[in-house]
Amino acid sequence: MKMEYSIEGGDFTKAGLASSAVKKVLKQLNIDPAQIKRIAVAMYEAEVNIVAHAYSGIMKVEIDAKKVYMRFVDKGPGIENIDKAMEEGYSTASEAVRQMGFGAGMGLPNIKKNVDEMKISSEINKGTTLELTTFLN
Amino acid sequence: MNEPTFHHALKILEEVCTGCVHCTVVCPTEALRVRNGKAILNENRCIDCGECMNVCPVNAIIVEQNDIAEIFPYKARVALVSSIFIGQFPRHYQTRKIYSGMLEQGFTHVHESEHGAGILIEQINQYIAQNSQNKPIISSFCPAIVRLIQVRFPSLVENIMLLKAPLDLAALAFKKELIEKGYKEEEIGIFYVTPCAAKIAAIKSPVGEEKSVINGVVNMNELYNKVYSTLKKEQYSSCIIPEKEQLKSEEMGWSLTGGEAAYIQGRCLSIDGLNNVIEFLEGIENGKITNFDFIEVRACDQSCAGGILTVANRFLTRERLDERIAKYHHDKSEGKIFDNKTIENHGRYIRDHISINSIEPRSMLKLDDNMEAALKKMSRIKKILSYLPGIDCAACGSPTCRTLAEDVVQGTAHTSDCIFIQTSLNVPPNEEIRAETIWGKDRFRKLL
Numbered sequence: 001m002k003m004e005y006s007i008e009g010g011d012f013t014k015a016g017l018a019s020s021a022v023k024k025v026l027k028q029l030n031i032d033p034a035q036i037k038r039i040a041v042a043m044y045e046a047e048v049n050i051v052a053h054a055y056s057g058i059m060k061v062e063i064d065a066k067k068v069y070m071r072f073v074d075k076g077p078g079i080e081n082i083d084k085a086m087e088e089g090y091s092t093a094s095e096a097v098r099q100m101g102f103g104a105g106m107g108l109p110n111i112k113k114n115v116d117e118m119k120i121s122s123e124i125n126k127g128t129t130l131e132l133t134t135f136l137n
Numbered sequence: 001m002n003e004p005t006f007h008h009a010l011k012i013l014e015e016v017c018t019g020c021v022h023c024t025v026v027c028p029t030e031a032l033r034v035r036n037g038k039a040i041l042n043e044n045r046c047i048d049c050g051e052c053m054n055v056c057p058v059n060a061i062i063v064e065q066n067d068i069a070e071i072f073p074y075k076a077r078v079a080l081v082s083s084i085f086i087g088q089f090p091r092h093y094q095t096r097k098i099y100s101g102m103l104e105q106g107f108t109h110v111h112e113s114e115h116g117a118g119i120l121i122e123q124i125n126q127y128i129a130q131n132s133q134n135k136p137i138i139s140s141f142c143p144a145i146v147r148l149i150q151v152r153f154p155s156l157v158e159n160i161m162l163l164k165a166p167l168d169l170a171a172l173a174f175k176k177e178l179i180e181k182g183y184k185e186e187e188i189g190i191f192y193v194t195p196c197a198a199k200i201a202a203i204k205s206p207v208g209e210e211k212s213v214i215n216g217v218v219n220m221n222e223l224y225n226k227v228y229s230t231l232k233k234e235q236y237s238s239c240i241i242p243e244k245e246q247l248k249s250e251e252m253g254w255s256l257t258g259g260e261a262a263y264i265q266g267r268c269l270s271i272d273g274l275n276n277v278i279e280f281l282e283g284i285e286n287g288k289i290t291n292f293d294f295i296e297v298r299a300c301d302q303s304c305a306g307g308i309l310t311v312a313n314r315f316l317t318r319e320r321l322d323e324r325i326a327k328y329h330h331d332k333s334e335g336k337i338f339d340n341k342t343i344e345n346h347g348r349y350i351r352d353h354i355s356i357n358s359i360e361p362r363s364m365l366k367l368d369d370n371m372e373a374a375l376k377k378m379s380r381i382k383k384i385l386s387y388l389p390g391i392d393c394a395a396c397g398s399p400t401c402r403t404l405a406e407d408v409v410q411g412t413a414h415t416s417d418c419i420f421i422q423t424s425l426n427v428p429p430n431e432e433i434r435a436e437t438i439w440g441k442d443r444f445r446k447l448l
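For the protein sequence lines, the chains are A and B, in the order given.
For the first sequence, counting from 1, position 79 maps to 79 in the numbering used here; every step adds exactly one.
For the second sequence, counting from 1, position 155 maps to 155 in the numbering used here; every step adds exactly one.
Just so you know, these hints were derived from the structure itself, not from any lab.
Idealized CB from N, CA, C, for every residue including glycine.
Do not rely on the hints blindly, as some may be mistaken.
Stated by the list, open to error - One-sided and incomplete, this derived list gives chain B residues near chain A with beta-carbon spacing under 8 angstroms:
hint, residue
1, E122
2, A374
3, L375
Make the full structure from the sequences, and use the hints.
In structure tokens, the structure reads:
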């Protein structure tokens, strides 16, 4: 089962719509509620990251009986220092974004906490690719 | 279809229903379909919120009730009534006259169901402190919300506060007191005067409890008519109780929006109205809304004042209760308050029985228990959806195009139930038989 959503950078009013749609599918697939919650949190954080930092992005989700795989590919400034970005509280979000209640520097660490596998690669001035996997029991 | 696992109080009068689909569209759990010209309720999905009853243009949806005559086999006939009931009457009717009007109906005792909220406040605050890993704690006051979470937000079930509502605490305390006064347990009948269907369902099949201590329910609108006619005719023989207010000020407003949250420490929010609640719970589930300690969530607009079995305008009810609270403070300053000591006398007993058992998620959204099968169904749904117009007209008898696709996959509907598909297929004239399975044969006759 594959799903694909496009995400627009800077549009916070729509941030979360793709995650909500996928969450509903996860519920219909009878996945354990506790696991859904963790996936939903990771997915939402990743979606908001694209809205907050990138110009545009695509979220792809693949679900089979063993795992949920999520791939977020964005066009944007890229992450200069991934290790730093993984530190709790570190953020490069602009003041405007922070004032909307985002950009507390908890995004990536929180995502990592809520999934089984996380891969991140980034190229400056090109964009970032984030791959998340949760194994279903 | 699965055997229904829990009681629900809303009933559809088949002979009245015209299959107009209004109810299917508003149902927050997509529990209703129109088949053969009649609305059909999926009992396992229904949370008894009453949205369907509110929109039904022909009053085909009703709330079941106990006959008020069922109180008479009991020696002690206790009416446990929400303070909302007092707010149903015009302002010039004193509380004691309303109580008296209730006694005229055959009750031997009248108590308000918000007794016990005082003890609950301290217990909720303790509970929040002890369960900080499950923040935000979600109030268990509104049974429609508890069921909504079970059915639609299963991952938030662990956030529901496992403490009883004041109604159950009051019932426990009054029953114990009557037993101490010499009544046998089987001689005591405790009847809740309910403003909504969800409380009926909660009493008949409680969540997180084996059996409710409450024996039956009386619908508020029904009792209102009886009591109001007594008041109008000034027929009451006893006008003595309560001499003074029995509820504390914090208890008087418990059933109104903000009634709980005002007394809970930490960051709290009150949310009323089902759509508002759903939006908020979505936010919590996504991790979008964080850092709340407690949320008070009520299915009805203006909480119980907006219950489907209330009579008065919800805003006027609120005004009347606010006035009562203000008056209480005034009386208190003059030291005239008469306290009902039952709750305080049994405080320890209440605290010992205040918890409810864990609440189980019962997601009704799943397409299949087996995930492989669910995935296959999901792929088919996607495919079917691409043929459907997506305008969610509900003319097929399912509330949305998506639910039609789900119903097709589950074998309870056909893609050609969609009137747009019928048109595009250029169906021969006799295919209107197909439409009859949705709208019913008689409906066509009715329209002619």
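| message | Would the hint on A374/B be counted as holding, given a Cβ-Cβ threshold of 8 angstroms to chain A? | response | Constraint on A374/B satisfied, holds at 5 angstroms.
| task | Answer holds if the nearest beta-carbon of chain A is closer than 8 angstroms to that of E122/B; otherwise answer violated. | result | Because about 30 angstroms separates E122/B from the closest Cβ in chain A, which is outside the 8 angstroms limit, the hint is violated.
| Restraint outcome when L375/B is required to lie within 8 angstroms of chain A by C-beta distance | holds, 5 angstroms
Hint compliance for this structure: hint 1 alone is broken.
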